[in-house]
Amino acid sequence: MIGIAVLGLLSIGTEMRAWGRVRRAQEGSTSRSVWDGVYTEEQAKRGEEAYRKECASCHGDTLVGGGGAAPLTGGTFLSNWNGLTVGDLFDRIRKTMPQGAVGKLTKQQDADVLAYLLSFNKFPTGKVELQKQVEFLKDIRFEATKPNTK
Amino acid sequence: MFLPKMKKFGCGCALAGVLVAMPAVARAQWKAKDTEWASYAADLAGTRYRPLEQINAANFNELEVAWRIKTDNFGNRPEYKLEGTPLMVHGVLYATAGSRRAAIALDAVTGELLWIHGEHEGARGGAAPRQLSGRGLAYWSDGKEERILYVTPGYQLICLDAKTGMREPGFGIKGAIDLKQDDDQEILPDLTTGEIGIQSAPVVAKNTVIIGAAFREGMTPKSMRNNKGYVRGFDVRSGKRLWIFHTIPKRGEFGSDTWLSGSAEYTGNTGVWTQITVDEELGLVYLPVESPTNDFYGGHRPGNNLFGETLVCVDLKTGERKWHYQLVHHPLWDMDISSAPILADITVDGKPVKAVAQPSKQGFLYVLDRLTGAPVWPIEEKKVEVGTVPGEWYSPTQPIPLKPPAYSRNGVFESDLIDFTPELRERGKAIASRYKLGPVYTPPSESQLDGTLGTLTVGTASGGTNWPGGSYDPETHMVYVFACNACAEPIGLVRAPKEVSDMNYIAGTAGEEVKILRGPGENAGADSPMPPKKRVGSGYVALNVDGLPLLKPPYGTISAINLDKGVIAWQIAHGETPDVVRNHAALKGMNIPRTGQETYNIGTLVTKSLVIAGDGQITTTSDHPRGAMLRAYDKKTGKEVGAVYMPAPQSGSPMTYMANGKQYIVVAVSGGAYSGEYIAFSLPAAE
Chain P
0 MIGIAVLGLL SIGTEMRAWG RVRRAQEGST SRSVWDGVYT EEQAKRGEEA YRKECASCHG
60 DTLVGGGGAA PLTGGTFLSN WNGLTVGDLF DRIRKTMPQG AVGKLTKQQD ADVLAYLLSF
120 NKFPTGKVEL QKQVEFLKDI RFEATKPNTK
Chain C
0 MFLPKMKKFG CGCALAGVLV AMPAVARAQW KAKDTEWASY AADLAGTRYR PLEQINAANF
60 NELEVAWRIK TDNFGNRPEY KLEGTPLMVH GVLYATAGSR RAAIALDAVT GELLWIHGEH
120 EGARGGAAPR QLSGRGLAYW SDGKEERILY VTPGYQLICL DAKTGMREPG FGIKGAIDLK
180 QDDDQEILPD LTTGEIGIQS APVVAKNTVI IGAAFREGMT PKSMRNNKGY VRGFDVRSGK
240 RLWIFHTIPK RGEFGSDTWL SGSAEYTGNT GVWTQITVDE ELGLVYLPVE SPTNDFYGGH
300 RPGNNLFGET LVCVDLKTGE RKWHYQLVHH PLWDMDISSA PILADITVDG KPVKAVAQPS
360 KQGFLYVLDR LTGAPVWPIE EKKVEVGTVP GEWYSPTQPI PLKPPAYSRN GVFESDLIDF
420 TPELRERGKA IASRYKLGPV YTPPSESQLD GTLGTLTVGT ASGGTNWPGG SYDPETHMVY
480 VFACNACAEP IGLVRAPKEV SDMNYIAGTA GEEVKILRGP GENAGADSPM PPKKRVGSGY
540 VALNVDGLPL LKPPYGTISA INLDKGVIAW QIAHGETPDV VRNHAALKGM NIPRTGQETY
600 NIGTLVTKSL VIAGDGQITT TSDHPRGAML RAYDKKTGKE VGAVYMPAPQ SGSPMTYMAN
660 GKQYIVVAVS GGAYSGEYIA FSLPAAE
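As they're listed, the protein sequences go chains P and C. Quick note on numbering that gives the first Met the number 0: the first sequence kicks off at 0 and runs consecutively. Quick note on numbering that gives the first Met the number 0: the second sequence kicks off at 0 and runs consecutively.
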């Protein structure tokens, strides 16, 4: 089933039927998306500074990744996160980045870096900064395309 | 000799050596069955083929998860890039897993964990150029003993008792060999931080273990000097080094004259980081060699640079070179030979040929006689453009196979740009106008704000076929191979400031800060990066139009190539059309055939009737929830005959085996928010 990942556990013997017959899941019941101006330009600028210092040496100045570092822009990035929430992406950054020095950045810095990623990927700016509480960020859907243009 | 200080960086013991009793096996002359999967690519010929047919077109959609195992706890943090392909022998499945690169053994029927082995390498592991779980391990047996071999991130070859997961004390020093030693070179600057490692699976042929070498990403090296990626053979019983092959010839050795101005002395890399193939019967080993130091600038290594980007055949017993074929002279495009050579006994014009077929990033399938290295069909030296980067040395020609035709895009012209609508096409043209375009082997160019930003390429760093390689059906003589057809790579060169690199040029974009790109984990802790410098105004141009790929579909393909005739029998787009294309406002109402996906790490599996491969990207469609599909195609026609849901993209190539009368397919998935997991599929029990 969706969300069947049992992080940190060895999940054995779970059955899952082929999905050809499964109905489309109801993705996200949250009210906002990355298209609603969920960060500010100033925050993205702060995030860019932190990104260049802590992230760019692996993910590159142009966020295209390379080798073992995942791209943070383009098709693979958008597809990896489309349908999840900004909180999920924040969680991933908090738990695993910078690789080898997890926790080096504060929550605020991680939120700023996230704002920079959104900015780089052309999601619109707004008047309120991205917050640093993962619970709040999980209320913001990550959608690769504008919802009202589907 | 072997390092006497092993414990300085290794625990020297299994994390846990607990064993669940396994059935005793009595075998005289051990040979893998074709219902097993005894080496990374199924067999030493690199086929990824098993003649199994329980899972077929009629029932593929009925597959269900037999068992699954997350790899999060096989290391101190989860990994999101699980690339392994397990082995299965005698009902036990072996794999590497987790950020520790642990070796694990599972019951092949239930997935129950039988044992785990991991090495704590401390600073040496932390400095490794190739971290995470790697691609797998090797199995060896003489009919009595069973051994598992793998290479740690810190470049130690570990030999385990396959029954217990404990180190074999008679191998090397207490079951380990320090691969940074006894390598005909001093690994610099020291054994802890010296750059060399490997992420691929070892290969064992007869009683010889063969190990290559890998390095950091090579676009922005700090120096023209680096460690060299020699290949070695070791005795599987004692760990004694049997031979070494110098991928950069030493002075006086064959090929040393292809390095002008003494450049062989200091140039490094040129390793074999991908899978090695062996013909045990002929006693020949096929080494797919990568690029020399600096993927995109060769001004410090004038000459053709043997054995860079060369397929080299060496003797299994001695490592002595038998023949070689250089695919790219004086490599400048990061066209590492990136996957296992495929051994194929084919029939060409009525004559039997023992061939080796080499898939490539540049979309050519090079087919050679594997006894002599002679091309099966003509490969012509054709004139190519000579570039203008100061100090560069250019080969005036490159070898171009006449047959089979290129199976993926390997050059960029205006006609390759996005063309869903006239407006999108114009926007694509505007982006492309910032770059130099051209056919395969159009040289890299300087990145200039008032000129072009570089050469726009495809079929280079991440194009065509990468490490997963292809598959081969020995019954029908067909190669099946995935290729990224739209992985555009801008290659721009910028002058390297002396404090950044001692090379004249490294990869970069005009206006951006010039810096060294590192691999994951390399910038950790105290080894902090340099403070950022002010940019002078970035010249960066995103290679997409509102999220749509710059190059037109198909973005990823699977091709079936008939090796008897040298023709492409069929080619299909592989992978669901990405959401960003399917849901794009500008494409509303358009009927766009399946596009496939821009991803470079898809491996195929071939069975009696199917070609099987998973999607490389997440999609959400009316047919399935957010996830990726493992797809089955009729291998005769390429028609899709079934698909089964996976929660994340395929990130390691699928394998198959029979156990207790059932066929299983195991595949590694991971990516984005989904950490690594091996999933085993099988058919439901008879109702």
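Hints in this document: simulated from the structure, not taken from any laboratory. Please note that the accuracy of each hint is not assured.
25 Å max Cα-Cα, derived SDA-like pairs, lysine to any residue [stated by the list, open to error]:
#, chain 1, residue 1, chain 2, residue 2
1, P, K137, C, R433
2, P, K52, C, E498
3, C, K428, P, T144
4, C, K173, C, K205
5, C, K661, C, K221
6, P, K131, C, T420
7, P, K121, C, K205
8, C, K221, P, G66
9, C, K221, P, A100
Just so we're clear, the structure is a prediction, and the values are computed from it rather than from any experiment.
Which of the numbered hints above does this structure break? 1, 5, 6, 7
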